[in-house]
Structure formats: structure tokens, C-alpha cells
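S.K.: Sequence:
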Amino acid sequence: MEKDAPIVVVKEVGKSYGTVEALKEVSFVVERGEIFGLIGPDGAGKSTLFRILTTLLLADKGTATIGGLDVATDYKQIRTKVGYMPGRFSLYQDLSVEENLEFFATVFHTTVQENYDLIKDIYQQIEPFRKRRAGALSGGMKQKLALSCALIHKPDILFLDEPTTGVDPVSRKEFWQMLRNLREQGITIVVSTPIMDEARQCDRIAFINHGKIHGIDTPERILQQFASILCPPSLEREEVRHETAPVIEVEQLTKCFGNFTAVDHISFQVNRGEIFGFLGANGAGKTTAMRMLCGLSKPTSGIGKVAGYDIFREAEQVKKHIGYMSQKFSLYEDLKVWENIRLFAGIYGMKEQEIERKTEELLDRLGLAAERDTLVKSLPVGWKQKLAFSVSIFHEPRIVFLDEPTGGVDPATRRQFWELIYQAADQGITIFVTTHYMDEAEYCNRISIMVDGQIKALDTPARLKQQFGAETMDDVFQQLARGAVRKAD
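Read in order, the letters of the sequence shown are residues 1 to 489 in the UniProt record's numbering.
Derived from the structure by calculation, the hints contain no laboratory data. Think of the CB as a built atom: it goes at the ideal place given N, C-alpha and C, for glycine as much as any other residue. Do not take every clue at face value.
[Stated by the list, open to error] With a cut-off of at most 16 Å between alpha-carbon atoms, the simulated EDC-like pairs for lysine to aspartate or glutamate come out as follows:
#1 K24 / D60
#2 K358 / E396
#3 K305 / E249
#4 K81 / D60
#5 K298 / D310
#6 K465 / D439
#7 K24 / E12
#8 K377 / E25
#9 K351 / E396
#10 K11 / E25
#11 K456 / D475
#12 K336 / E396
#13 K61 / E12
[To be verified] Quick list of the computed label-pair ranges, beta carbon to beta carbon:
#14 T300 / M350: 29 to 37 Å
#15 Q93 / E114: 52 to 60 Å
#16 E361 / V112: 53 to 61 Å
Whenever a hint applies, use it, and build me the whole structure from the sequences.
M.R.: Okay, here's the thing in C-alpha cells:
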């Protein structure tokens, strides 16, 4: 193949799953040495396209070549030339950092030593934890390990499917700096992302929706052309005032694991109907603190009250009076939509008649009436997230805990999700939310930011920006999180 010829050539590729057309006559080229972005809403066809280009899935029609090799017939050769990070964490959770890297090197008939120079800048950041199980790493560390494993055989091209989902803003910036360094070494990168600040760092982006490519151009032109989907306007809210009464009270709350203090004497209050943002870098202690507040983990010391119940002595009462949505999708994939609603309503002790009436109301409100008998695993990610949130407040709890609820969700769907949050807060439900999207932090009434297990800042977004001389919450977060000492959970 000629040196200046495109490294990826896709011509009229189509793929269907039953009656659903996932890809419709998709065509584009990727030049050697560029960062090419694939941007689009949930369910647009991005992951299907990645799987075809990495030879894991056969297209129904059309052709695609990688470095002049056909993805259908030359798949063995192509697999030696590509690195791939799928949307879900792709490594072996029970193997150590070191063992994962050595395993992937062996699969590609190479050694860690042979290509160490290529991954050195990335791997050195996680090398102190080389004996730790991959499943015990923080989000940012996991992605650095996954990238190291994808690079260990020195590929010509990297395919990255939403590589920074669940990763904090500081680690995301570091990750994209790594990608720019790799491009300088001659590696081509094809990446999908739901984060528009990341899309702007690509050389070109293709906008895909409903399985079709609608435009390919510079990031600014595409983001402007399809702004209603990719860059929706900020939410406006006329806040409903509630009586100021704390529903969460925390004083000197601490959690230790052996000699490691994950949560270090934190104190705060959250009021009824308040949207309280609980921010921090990966490994700061947010999820550990949230698990204590939900009655899922006992504190080492300190006091915590949720909905009037002591989190140490009355954990079961706490669980009955809250809603919870974890960062890992919390519904049952093999149950139908209505079956998930019924199951969780029953767990919360709701009566049969009330369940039936409220189920119909919920399905109509979410626009899911036609999908009531659909298996949850068949729904787009955004729909799943909205359903999971609605189920978490189905029993009308006083407080709902949301652990990174919009991770990996496109901007338009995230906006719709926050409309649901606003509606719940207006009804008097307190929202306790963690997020790595700093534009979402702006939607909160107040924000706390954890660093190394301690709360280093707590106030309204406006006051925090004023205090730190910052224009955005991202600037505030970067200033605080960059001072962190510990780098893993």
C-alpha cells in the first residue's frame, strides 16, 4: 500500500440486527497519523462500526480495509496491526497490572521489554501498583493500563471506544495528552467520545446518527452544524423553595481499610430538595463515603444520619428511605422494562394496585410505553439510565443517591436526564450526585470537592468559582485535584 494512502477506507458498510439497521451505507476514510473522532448519540452505531473495523464482527454489505487489508478476509494480519479498547473495561480484573500486560504481550508474540519505550510514559504512572489486581484500580488507572495493553504489540492504528468514560477531568486531560504523544510517534487513532471537549481535540470528526454518517469535517464545523444534538443549551431552572431542614447530617465521618484512610473525617449537611454535587478525582473517596451514607458499609468512626436514621445503628431503615443508582448500570438486563419496575417496587414494599397504576404513568412519562415488553439489554444506554433513575425514585424516597449516573451518555440525553433530576428535586426529593462532567456540577445547588479522602471545598458553584478565581467549575476542580497525593483507590 502507498505510504500516503488512507489507513482506513470504509465503503457503503451496512449492518442489521434483525429488523434494526445499526449501520446504513457508511463511508469514510482516515488518513495516516491523524486523530479521527466518531461522534454521535447513544445507539447511533459507533460500537458496531468499531467491532467491524477491528474484525470482531462481519458487515452485511460494503467493504472496509485497514492498511490496505480487507477486514473480512485478512483479519489475522489486521489483528497484528491494530490496538483496540472497547467501551467496557477490557482487561482481566483478577490479574495484576503486571500480569495483564505480560498476557497481552504474549498473545501478540512479543515481550514487554521489546516495546517498553512505546508505553513507558503511560506505564510508569501505574508501575508503582504493578502487583495490584486490575479490578482494584481507580478509573483513570484502569484506562492507562488498558491503553498500555492495547499498545504493547506496537500497532499502526488504535481504536478507542469511549476510552474516558468514568474517568475524572484531570485523568482525562492526561489521557488525551498521551494520545497526542502517540500521534507524534506515527500511530493513527480512531476514537469515539460523548464529551465534546474531547471531540474538539480530534483533527476531524464524523457525526453518526441512526446508523448514517451525516457529516465529516473539523470539530468546530461539525459541532456547530449539529449543535442541537451535540451541544444542547444549558438547562434553565426556576427553583422550588423547600423548608430548610437537613436530611443528611455528617460529622467527622471516617472509613479506614487497614492502614489506609479512604474517607478522612468529613463533615457536611444536605437539605431537603437540594441537589448536592459530591465531586472528586478517581480514588478521592467519593464512592466509599456514598456507600456509608447508603447503609452499605459501616463507618470506622464519626456520625452520619440519613433521613433521620443513624447509618451505623439503623442501616436497614436508611435503605428503606432512600433511592440508589450505582455507576454500574443497576437494572436487570435480562428482564423486560415493566418487569424491572415491578421487581424494584416490590423490593421497596409498594402495594400491587399502586405498582400497576404508577408503572403505566412512568412508562408514558418516559416515552417507553411501546417498549414495556422490551428486554432492558436491548435499550440504548441513555434510555437505560433514565429508566434506572426513574426506578430508583419510584417509591418516592426522601433522598436519592446517584453515583456517576450519566457516564458514557451523549450530551442531549444527559440534558434530558438532568430534567428528570430537576423534576424530582422540585417534588422535594433530595439529590446526592457524583459526576465527572463539570458542566453538570454547574446544575447543583451546592458542591463539595474531595481530595485524598477530605472535603477541600464546599459551596455553591458561583461562590467556588469566585473563591478560586476561576471561570468554570472545571478550572476549580483542576486546581484542587492536581494537589492530590494518592493516585488510586
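S.K.: Are the hints correct? Go through all of them and say.
M.R.: Against the structure, the hints come out as follows:
With a CA separation close to 10 Å, the supplied pair K24 and D60 stays within the 16 Å bound. Proximity of K358 to E396 is assessed by CA-CA distance (about 11 Å); at most 16 Å being required, the pair is judged to hold. Our distance criterion of 16 Å between C-alpha atoms is met by K305 and E249, whose separation comes to about 5 Å. At most 16 Å may separate the alpha-carbon atoms for a hinted pair to count; K81 and D60 exceed this at roughly 24 Å.
Between K298 and D310, the direct Cα distance comes to roughly 11 Å. Compliance with the 16 Å bound is thereby established for this hinted pair. This hinted pair checks out: K465 and D439 have alpha carbons roughly 13 Å apart, not beyond 16 Å. For the hint linking K24 to E12, the alpha-carbon distance of about 7 Å falls within 16 Å, and the restraint holds. In summary, the hint linking K377 to E25 is not supported, as the alpha carbons are separated by about 26 Å, beyond the 16 Å threshold.
The suggested pairing of K351 with E396 holds, with an alpha-carbon distance near 13 Å, which does not exceed 16 Å. For the suggested pair K11 and E25, the alpha carbons sit about 7 Å apart, so the restraint of at most 16 Å is met. Distance hint between K456 and D475 is fulfilled; the C-alpha atoms sit about 15 Å from each other, no more than 16 Å. Note on K336 and E396: the hinted pairing is violated, with a Cα-Cα distance of about 22 Å set against a maximum of 16 Å.
Restraint check for K61 and E12: satisfied, since their Cα atoms lie roughly 7 Å apart, inside the 16 Å limit. The supplied range of 29 to 37 Å is met by T300 and M350, whose beta-carbon atoms lie about 35 Å from each other. The given range of 52 to 60 Å is broken by Q93 and E114, whose C-beta atoms sit roughly 26 Å from each other. For the hinted restraint 53 to 61 Å between E361 and V112, the CB-CB distance of approximately 57 Å keeps it satisfied.
Of the numbered hints given earlier, the model fails hints 4, 8, 12 and 15; all others are met.
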